[in-house]
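2 protein chains.
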Amino acid sequence: MLDIRLAKNSGFCFGVKRAIRLAEETSEKYGKATTIGPIIHNPQMVEKLSRVGVKAVDDIYQITESPVIIRSHGITQENLTILKDKNLEIVDATCPYVARAHEYAISADEENYHIIILGNPTHPEIIALKSRIHSNVQIWDSIEYIEKKEYTKVAVICQTTQNIENLHKLTSLLLPITKELRVFNTICDATNIRQSSSLALATATDLMIVIGGKNSSNTLMLAKLCSELTTTKHIEAANEISKVWFDEVIQKKGCIGLTAGASTPDWIILEIYNKIKAIVGYPNDFAQSIDEIPSYNEEPL
Amino acid sequence: MLDIRLAKNSGFCFGVKRAIRLAEETSEKYGKATTIGPIIHNPQMVEKLSRVGVKAVDDIYQITESPVIIRSHGITQENLTILKDKNLEIVDATCPYVARAHEYAISADEENYHIIILGNPTHPEIIALKSRIHSNVQIWDSIEYIEKKEYTKVAVICQTTQNIENLHKLTSLLLPITKELRVFNTICDATNIRQSSSLALATATDLMIVIGGKNSSNTLMLAKLCSELTTTKHIEAANEISKVWFDEVIQKKGCIGLTAGASTPDWIILEIYNKIKAIVGYPNDFAQSIDEIPSYNEEPL
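Chains as they are written, first to last, in the numbering used here: chain A, 2 to 302; chain B, 2 to 302.
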């Protein structure tokens, strides 16, 4: 019988849940709020919050009134100073794990480490992290090469959504050329756990549907890793689903896996699950909440 | 034509040269000196120094008179305190690279790191290093396993003669379970450089003769690594050489490689080179100094 399973630990992580809650509380209290950039990397959630008065602006100079919500990725030190200079009320929804990476960066900078950030240089989390470092800093974007110079003291700090394999690669390159290598493993456990649950499911399925923003780093990483194991589709919303994707799995009565990135709301996962149910021939067997979707316990299906 | 080559960077390292020089200067000044344990791991050098009044004792309580030489491996904090309490004159010949590892250990201990020493728990260098750490410390002897607990702050310090591959293994095990991993790469460059020069020569030869104390860690490591590439004999002195080892290489007019550990004096290398010369049929072509032995420049022979 055809089977549809949801990977354990899919969807919102602690930091995202906290940021959404803070945004909802703020909009309830003030009737409005502004975020710099979308609060999370999920357009549907941003749209939902905009209906209760939370608007996202790209340019900090567009912000003229309180309250301002700092999103889970954090903001640059320069932008924080601008907000403070404007005497705006600030609600800091920076993920506590991201904030911890900032603290490590500031302390390593004070102690004169050459700092290497393992992450995507264009990601807001990394731009915000880098802005807190005043001396030697470089960003290493999981390529195979590093300049072969001799370092005395190197500190490595990771984007919270990085893959541990990339951290292994980077430390292997640095160990032979560094007297003291200080690795702050700021990779978030939620990311690791979500990845391993998703990969366990991917190995057991004929088709994986990865749900999450097309600009979400951790979702892109999930889609990349799953695609190395099975046929994989990365979508943001139910309307992107194409019926033909399911022809083969229906014919062989196989298994479909679902997983979702850290910034994917439950209602989107539920909507997609129910749409797939209808496509594969169970239109009257809808789930009412995400908790009703069968999960995958890593035992043979 | 049969060829005999000496690996570059063979023999005494900086720390050993310094310890020997300090022992010779001390014996010249006082006419006598005592070391705790042999000053270096080379019985022939220990014997040579004993002829100018430098004697080695195993038990610190046997020492009653000045001067006392601390050998290149260092001594434990407890033994240092005993010597100081006896008001003996101390000549500290601890290798500066070993002393630097002590400083790292003391500072990591003060900062409450869980300390993991990569090294041989029975080696005097490691016993001395461990004695400077008062809190959490464990010694990891290049086995494949580490206890899977979650660490907040771990510092790794290496025996100076360790292999970088073991350091890679250890950090790979620690990275996923450690929030902050601080690696002090105290592996001595001299060891790395000697190893890679010796391995380059081993790949080009039919027989490697590795010269050095049978209790010398770095010589044992050289012999182990060379034996993975070619037929290898580990000897301490010329009298251990057996003619039959050379039958095959003489017959095929092949190449013999020589290398020596960090505590092997030049005169022993020279004696062995000349003895091999005689065995392979060049009894009138002796070298007068180690500088006359052809070295290997990593070009095809």
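Just so you know, the hints here were simulated from the structure itself, not pulled from any lab data. A couple of the hints might just be wrong.
[Unchecked claim] Below, a sample of chain B positions facing chain A; criterion: calculated Cβ distance under 10 Å:
id	residue
1	His169
2	Thr187
3	Thr232
[Stated by the list, open to error] Pulled from the structure, derived: some chain B residues nowhere near chain A, Cβ distances all over 12 Å:
id	residue
4	Gln63
5	Tyr105
6	Glu151
7	Val155
8	Ser173
9	Pro177
10	Glu181
11	Val184
12	Phe247
13	Gly282
Predicted model only: the values in this text are computed from it and were never measured. Positions of the beta carbon are idealized from the N, C-alpha and C atoms, including for glycine.
Checked hints:
Because the smallest distance between the Cβ of histidine 169/B and any Cβ of chain A comes to about 6 Å, under 10 Å, the interface hint for this residue holds. Hint status for threonine 187/B relative to chain A: holds, with the closest Cβ pair at about 8 Å, below 10 Å. For the restraint placing threonine 232/B at the interface with chain A, the shortest Cβ-Cβ distance is roughly 29 Å, beyond the 10 Å limit, so the hint is violated. For glutamine 63/B, the non-interface assignment is confirmed: its Cβ lies about 38 Å from the closest Cβ of chain A, beyond the 12 Å cut-off.
At roughly 8 Å from the closest C-beta of chain A, the C-beta of tyrosine 105/B falls inside 12 Å, breaking its exclusion from the interface. Not every beta carbon of chain A lies more than 12 Å from that of glutamate 151/B, the smallest distance being close to 10 Å; the non-interface claim is violated. A beta-carbon of chain A comes within 12 Å of the beta-carbon of valine 155/B; the shortest separation is about 10 Å. The beta carbon of serine 173/B is not kept farther than 12 Å from every beta carbon of chain A, the shortest such distance being approximately 6 Å.
Its beta-carbon lying about 6 Å from the closest one in chain A, proline 177/B breaks the requirement of being farther than 12 Å from that chain. A beta-carbon of chain A is positioned within 12 Å of the beta-carbon of glutamate 181/B; the least distance is around 5 Å. Residue placement check: valine 184/B does not keep its beta carbon more than 12 Å from all beta carbons of chain A (closest about 4 Å). Non-interface call for phenylalanine 247/B relative to chain A: holds, since the shortest CB-CB distance, roughly 36 Å, exceeds 12 Å.
Against the 12 Å criterion, glycine 282/B stays outside the reach of chain A, whose nearest CB is about 42 Å from its own CB.
The structure fails to meet hints 3, 5, 6, 7, 8, 9, 10, 11 from the earlier list, while all remaining hints are met.
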